[in-house]
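With the sequences and hints as input, model every part of the structure.
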Amino acid sequence: MEIFTIAITAILINNIVLSKFLGICPFLGVSKKSSSALGMGLAVIFVIVTSSIVTFGIYHLILTPLEIQYMDLITFIVVIAALVQFVEMVMKKFLPSLYKALGIYLPLITTNCAVLGVALENIKYDYTFGQMLVYSISVPVGYLLVIMLFSAIREKLDSAPVPNAFKGNAIALIVAGLMALAFSGFAGLV
Amino acid sequence: MKKAQIFLAGLFKENPVLVMFLGMCPTLAVSTNLDNAIGMGIAVIIVLLLSNIVISLIKKLVPNEIRIPIYIVVIATFVKIIDLLMHAFTPDLYASLGIFIPLIVVNCIILGRAEAFASKNSVWDSILDALGMGLGFTLALLLISGIRQFIGTGALFISNPFNPTQIFFSTGNLLGQYVFGIFQTPPGAFLVLGFIVAALNAFRLNREKKKVLTQDKK
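Taken in order, these protein sequences are the chains called G and F.
Be aware that the first sequence starts at 59, since it is given in the numbering used here, and climbs by one per residue.
Be aware that the second sequence starts at 33, since it is given in the numbering used here, and climbs by one per residue.
Quick caveat, the hints were computed from the structure, so don't treat them as lab data.
Errors might be hidden in some of the hints.
Unchecked claim - In silico PhoX-like links for lysine-lysine, alpha-carbon gap of 25 Å or less: (1) G:K225 to F:K35; (2) F:K112 to F:K45; (3) F:K241 to G:K182; (4) F:K241 to G:K225; (5) F:K243 to G:K225; (6) F:K34 to F:K152; (7) F:K35 to F:K91; (8) G:K225 to F:K242.
As the list claims (entries may be wrong) - Chain G regions said to be covered by chain F (calculated; three or more residues, Cβ under 8 Å): (9) 75 to 81; (10) 133 to 144; (11) 178 to 184; (12) 224 to 232; (13) 238 to 248.
Note that the Cβ used here is the ideal one computed from N, Cα and C, for glycine as well.
See the structure below:
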């Protein structure tokens, strides 16, 4: 039951983009077409799940026994940067078709604050391994859901008569605001 | 490039938030009141200044292939120092900024300036660039949070970050019961920033139109 609560909260109520404001840059940048939004969303799921497992392990198996928890930020960011590079190389060698689909989005993810954010939150909330796993899968699923919806709206927006001053990022931000308003209706669901 | 130009570019023409759309996550998340905006702005200015100085000092030593990881480690070190200092001396501000203090590491403004400016220019120019960009970020944050705080709560106030009970400046509630609580919530952040960007666009389009008209007359 608790796992279900964590999942629903992370996907709908405290959505990573619309209520926690993490990963806004790619959310605005890579959402002009549904296909690229899907690629970005899947790449984010992949990277967040792997990097959460690795950083969680490092924190509890290396940093805590050595009592150097204050090194968390520096270790995590290096691990995430290295991991993204590594994933990219492995994918290029063994899964060329997946690499073709996700390749260009992977380097962008290092600076996606959602990845470091989830790694830090797993520690902050004192999650057990199981809870951590559920949380780090649900958060990027919420990201995928929102970026897909947003890109579908933006595709329609291209043919809409938007005033000149609002063209581009201004109208995109207002659409995101209205989506956040709709999502705030989920508050109190759990 | 002239020294004044380097400094002013970050403030207006290349404002990191309102023109270049960098560092959106902290901008939207912490802009609920002026205290948060000032705290976040100062933290970013300090980190940006220190990382720009160090990166422009070591620019000749850094091999080109691994420059990004080196920059990230330099930035992460300074962010952790600020994080620990704020935890110790400004606990209330630290609690309200929350996860966005450690996330300064992945703020695109800082890595962006390291890569685009500090790694190619002298230390003195990098200091000016860091101050200009940092102040530009702070100004944008103050604008957004001022609007959100005023419409959302009806009052503007600034308190001492080291001692929140001491209030430097307060207007009291000017709007009475006619406040829109929505502006304090996440949707309000998106809407306010969207309208500010649109207003700037309208201003720019208007000026371009005038320029074309005066050129036609000549």
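Each hint, compared with the structure:
In summary, the hint linking K225 (chain G) to K35 (chain F) is not supported, as the alpha carbons are separated by about 34 Å, beyond the 25 Å threshold. Between K112 (chain F) and K45 (chain F) the alpha-carbon distance is near 31 Å, which puts this suggested pair outside the 25 Å criterion. With a C-alpha separation of about 52 Å, the suggested pair K241 (chain F) and K182 (chain G) falls outside the 25 Å cut-off, and the hint is violated. Between the alpha carbons of K241 (chain F) and K225 (chain G) the distance comes to roughly 17 Å, so the proposed pair stays at or under 25 Å and holds.
For the hint linking K243 (chain F) to K225 (chain G), the alpha-carbon distance of about 21 Å falls within 25 Å, and the restraint holds. For the hint pairing K34 (chain F) with K152 (chain F), the CA-to-CA distance comes to about 16 Å; that is within 25 Å, so the pair holds. Restraint check: the Cα-Cα separation between K35 (chain F) and K91 (chain F) comes to about 20 Å, which is no more than 25 Å; the hinted pair holds. This hinted pair checks out: K225 (chain G) and K242 (chain F) have alpha carbons roughly 20 Å apart, not beyond 25 Å.
With a cut-off of 8 Å between beta carbons, the segment 75 to 81 of chain G has 6 residues touching chain F; three or more are needed, and the interface restraint holds. Counting residues of the segment 133 to 144 of chain G whose C-beta lies closer than 8 Å to any C-beta of chain F gives 4; at least three are required, and the coverage claim holds. For the segment 178 to 184 of chain G, the assignment as covered by chain F holds, since 3 residues bring a beta-carbon within under 8 Å of that chain's beta-carbons and 3 suffice. Under the rule that three or more residues need a Cβ within less than 8 Å of chain F, the assignment of the segment 224 to 232 of chain G holds, with 9 such residues.
Residues of the segment 238 to 248 of chain G with a Cβ under 8 Å from some Cβ of chain F number 3, which satisfies the need for three, so the listed coverage holds.
Checked against the numbered hints above, the structure violates hints 1, 2, 3; every other hint is satisfied.
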